[in-house]
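Single-letter residue listing:
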Amino acid sequence: MRYAKRGRLRFTSHRDISRAVERAVRRAGIPVAYSAGFSPHPKISYAGAAPTGVASEAEYLEIGVTTPCDPAQVRQSLDESLPSGLDVLDVVEAGQGGLADRLEVSDWEVRLPGADRELAEVAVEKFLAEGTVEVERLTKKGPRRFDARQAVLGLRVSEGADRIAAQVQGEPCVILRMVVRHMTPAVRPDDVLTGLRLVADFAPPVPPEVTRLAQGPLDASTGALADPLDLDRDTTRGGEAGPAGEHVAG
Amino acid sequence: MPVESIFHRLEALLPKVQKPIQYVGGELNSTVKDWDSADVRWALMYPDAYEVGLPNQGVAILYEILNELPGTLAERTYAVWPDLEELMRAEGVPQFTVDAHRPVRAFDVLGVSFSTELGYTNLLTALDLAGIPLLAADRGEDDPIVLAGGHAAFNPEPIADFLDAAVLGDGEQISIAISEVIREWKGEGSPGGRDELLMRLAESGGVYVPRFYDVEYHPDGRIKRVAPNRADVPWRVHKHTVMDLDEWPYPKKPLVPLAETVHERFSVEIFRGCTRGCRFCQAGMITRPVRERSITTIGAMVENGIKESGFNEVGLLSLSSADHSEIGEVAKGLADRYEGTNTSLSLPSTRVDAFNIDLANEFSRNGRRSGLTFAPEGGSERMRKVINKMVTEEDLIRTVTTAYSQGWRQVKLYFMCGLPTEQDEDVLGIADLAKKVIQAGREATGSRDIRCTVSIGGFVPKPHTPFQWAGQADHETVDRRLKQLRDSLRGDKNYGRAIGFRYHDGKPSIVEGLLSRGDRRVGAVIRAVWEDGGRFDGWSEHFSYERWMAAAEKAGVDVDWYTTREREENEVLPWDHLDAGLDREWLWQDWQEAVSGGEVEDCRWTPCYDCGVCPTMGTEIQIGPTGRKLLPLTVV
Ligand code: SF4
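Line order of the protein sequences matches chains Y and G.
For what it's worth, my numbering labels the leading residue of the first sequence as 1, then goes sequentially.
For what it's worth, my numbering labels the leading residue of the second sequence as 251, then goes sequentially.
Be aware that one or more of the hints could be misleading.
As the list claims (entries may be wrong) - Taking lysine-lysine and the DSSO-like style, the derived pairs with C-alpha atoms no more than 30 Å apart in a straight line are: (1) K557/G / K879/G; (2) K686/G / K743/G; (3) K686/G / K733/G; (4) K141/Y / K283/G; (5) K140/Y / K474/G; (6) K557/G / K503/G; (7) K743/G / K43/Y; (8) K141/Y / K662/G; (9) K757/G / K635/G; (10) K582/G / K502/G; (11) K503/G / K757/G; (12) K582/G / K635/G; (13) K557/G / K502/G; (14) K557/G / K43/Y; (15) K757/G / K662/G; (16) K503/G / K43/Y; (17) K474/G / K804/G; (18) K879/G / K502/G; (19) K140/Y / K269/G; (20) K283/G / K503/G; (21) K269/G / K635/G.
Just so you know, the hints here were simulated from the structure itself, not pulled from any lab data.
Sequences are here, hints too, so could you generate the full structure?
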């Protein structure tokens, strides 16, 4: 399943979302499978959730169900049961292969209200010219240094037309688009911004608004991001049965 | 004129604060009405953090009822944490509602529900952030009516200067009535301004307006009298009692938060009131008489609540849930209905008897048997007589033996420390009891793998209870007894490891005592504490005893005089003009009997003993049995 985390609901944490999804699944009457054991948990798995405060048009999760479900119906009833702002966009019956493995790269939009466009362009150019850009981030285990350059496959100052309707504001706004490969440690948009500050002293005046626009496998021939659910659509279209014993919608 | 949302200004601050999700609203089943569709607008506040305030039933019920009322809207607001408060001050962002993020000052009423007195400083923060003058006397025509409710409102005197009004008792009907008074007054073009509106509210006798009452003092500091300073204002203000709870099946659309909160469940109040007569229990005294919800309404509310919320836990709430006249049928019926659905049921109940274990067994039918809680409250037989908690040691041992032998491994026991007439040995008796409980459990199960946790709360004498005249134990005494008890438990080789011990030190109880039985002069202390940075006093990491004591000294308030001093029968108490229905003479007599060891039965099962509530309030006990059963749900 692909869902979006929009507007003020971008402030939900991963835990908040999983609680909301569990409740929505119950409200929607989806026959979710439960784990066995002492305290049974619904079988819902989340692939690489966007951090708290970051919006997303492309979050993914998988739900284990006990009986086959119609994906279109699951999409509708789950969407109605979730608070608006957590919106279900696409549901397919899972085919072979893990979903998480297909989420190789993310396409991010970083809106920088009040920032100077020319400075941004210079900074981006300098950043891309570097081989490595070491940044530091505070993690739970203390400060950690890593390279923020190598994971960045694409970075540009985008045209204003890329704005998302839900976030339109009156002020002029510099928008960065970046395609970043998922690696460990994860390189996040704010790490790239740190990199821009380091290479070109580029610092936006207010906190950025970050949105993940897409996630998926990189199409080797076109270099574009592909829809990670296409693979499931192909297998199920072919009429193959899902994994034995447990059907998966998601 | 539509009132603008301040969300875009708040939004810029949210990335910098802890748990920003608590400020964004958008909960499932929340309501945002068009500002201009209503002429009466309420901001409802729970003066604690969102995670505590959101699950509060009182606010949730009023929120629904007011939003159902045509021409009325209600939004919610909570105390913001100090990190956001600081940013809001720096950026000039006002106190806001989480529903539509409208500034609180734009509303007609700011209704604040106080479950405890420790929320008083948070009220001041909210008023100040909202741009509403702290003192009611300084407010103008554009400021909301600041109205207190909840249990602490049965003595609102310490915050009287900050309030325009207070209501006592059940809020359902009075909040509707207040809305109508405001609507009428606004419809007439707000004649006479704020003063006239408050007069209209006060005249009815259902709303307490502190400014219309003057307090006179004796030279020694005791109150001489509290009297209305205007004609047409009643001498006493009465509490409100909703009869027939089946007609008020709220919440119908439970709020489901995105943020994590202290209770993640759907709660149904199965009855209101309690007549067991525990002398320390303010809730039991001020919510009389008992009014049950019928088994069929409970069943319907649970079914609807699960469907509307998606919660997987249902709590059956009340002051003593096992006392519902048909609780056995309720438990069995619900357990049958939800068997195998991963919906768990819980019954917060503290009655010490085997029947309670039957109920717990029913509710844990397909789950695990973890912990059972009982509340003997007093460590010795003598102490339990004083507080009218009629539980013998035999009862307790028999009950826990049954619990352990039926597979429960953990028993929690609640006690209080600092009760009237308490001696060291009464508290040490708790250790003996706990050891006997473990001993009984080991014998019953033949296993050493059983535990017992002893939790101790500090006793605070509360208004409208027989102990309202009692001297509170000082914190040194309480701490000394707790230490003795701890040493006795920990030092025991045979039992020490099987017994857990939870307690708080005695200092917060003294501040709670000052605020519970305080009068208008205590307001200066609250204000001084707040000015010194006092916030979230219910949280041990924010609470500072030293700050409160320093503020009291600065305000010339003698804390001992308010807390540890025993009162005489004829002393005018700060809340005597506020009527919870309890007959003062009956309360005094019960206080005397507490000291001499007299017992009171529960008037649900025995004849009325004339506590005064029913005749004064025109109410009556409403209990079953109805003889109905919960039928299985038909699967659609
Ligand atoms: S007046 Fe009588 S029946 Fe009513 S609550 Fe008091 S004791 Fe019980």
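Q) If you check each hint against the structure, which ones fail? A) Hints 4, 5, 7, 8, 11, 12, 21 are the ones this structure does not satisfy, whereas the remaining hints hold.
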